[in-house]
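Colleague: What follows is the residue order along each chain.
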Amino acid sequence: MIPIRCISCGKPVSAYFDEYNSRLADGEDSKAILDDMGLKRYCCRRMLITHVETWE
Amino acid sequence: MEIEVKSKDENEIVFIVRDAEVPFINAIRRIAMMEVPKIAIEDVNIVQNDSAMFNEVLAHRLGLTPLISNLDGIEGMEMANECDCEEYCPKCSVSFTLSKTGPGIIYSKDLVSTDSTIKPVYDTIPLLKLKEDQNIELEVVAKIGLGKDHAKWIPTTVCAYKQYPKITFNEDAEVNYELADVCPRNILKSDKRSKKLKVQNIEDCSMCKACVRADENDYINIGFEEKNFIFRIETDGSLPPEEVLSKACDVLSDKADKFITFSKN
Ligand SMILES: [Zn+2]
Ligand SMILES: [Zn+2]
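Residue numbers (the UniProt record's numbering), protein chains in the order written: chain A, 1 to 56; chain B, 1 to 265.
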């Protein structure tokens with residue numbers, strides 16, 4: 001499961017996780033989605049970009 | 001001291017403070033993070049947890065879930081350690097229940113609050129996953145606390161200031177137009193007509209000094225204005241940034257009041 005908050009700054013990034021994934025599946029560009037959702041800092045962006053879901 | 005608001009939205013405020021001192025600005029910053037009360041889940045009573053997630057991991061995730069704790073919501077509520085009850089009571093706590101059967105992902109919106117004003121800020125935070133026929137049943141108690149006791153009670157994500165950047169040019173030195181391309185934040189713009197480098201959006205300057213390092217003939221100089229600050233407060237959504245700021249000022253003035261009463265006696 002994705003951590004609730006960004007490990008570095010504490011922003012609740014998990015709230016954006018489902019939206020990020022569904023928009024990514026629709027073929028949108030990762031950068032465009034993150035910019036649009038207002039995740040400006042690279043600490044928060046890496047939380048979504050690099051997350052690997054191991055719990056199926 | 002003068003304050004000018006640069007930008008403001010639901011979760012973030014940026015403002016400029018002019019003619020202030022570092023210790024004062026820093027006191028506000030530290031109090032905004034560590035001593036502004038907000039509400040967060042503290043106790044979790046798990047009745048049944050069939051999921052693959054350990055109870056303590058789940059409790060930790062619940063604790064970090066931000067809850068709405070604006071002034072309307074927590075007005076009149078007691079700090080948990082100052083309340084005269086045994087463990088918890090409606091005066092100092094809000095309880096939630098969560099009861100679901102799989103399959104599916106359990107979200108923060110599935111938490112049912114006993115208080116209509118206090119609920120999770122975001123509905124879409126995934127808490128755990130359940131498979132077919134698995135159950136989750138728990139009760140949680142949210143209490144008011146301070147950031148210095150646990151990170152879940154820190155209302156801010158970003159709470160920081162920097163001194164106002166100051167960029168000066170040495171008119172005697174040769175103009176180096178290439179510096180405009182060196183700046184990672186595009187602060188500098190080469191203006192060949194007036195034979196100068198122009199500064200734009202100076203507040204974006206991070207004072208990285210990449211331009212100074214690339215500059216061989218000491219044309220550019222990066223400094224800062226000692227008494228002017230750019231202050232940024234971003235919250236996790238639990239309370240608006242202006243409320244964090246005004247509460248931080250209240251706490252600071254209460255502290256000063258203690259000195260006043262002390263020195264009168
Ligand atoms: Zn972050
Ligand atoms: Zn109580």
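The set of hints was computed from the structure by calculation and includes no laboratory data.
Warning: the hint list may mix true and false statements.
Pair by pair, the computed Cβ-Cβ distance ranges are [claimed, not checked]:
1. B:A52 / A:N21: 26 to 36 angstroms
2. A:A32 / B:E4: 26 to 36 angstroms
3. B:F259 / A:L24: 27 to 37 angstroms
4. B:K91 / A:L24: 44 to 54 angstroms
5. A:E56 / B:K198: 47 to 57 angstroms
6. B:D19 / A:E56: 25 to 35 angstroms
7. B:S194 / A:D18: 18 to 28 angstroms
Using N, Cα and C, we set each Cβ at its ideal position, and we do this for glycine too.
Colleague: Does the structure break any of the earlier hints, and which numbers would those be?
Modeller: Failing hints, ascending: 1, 3, 6, 7.
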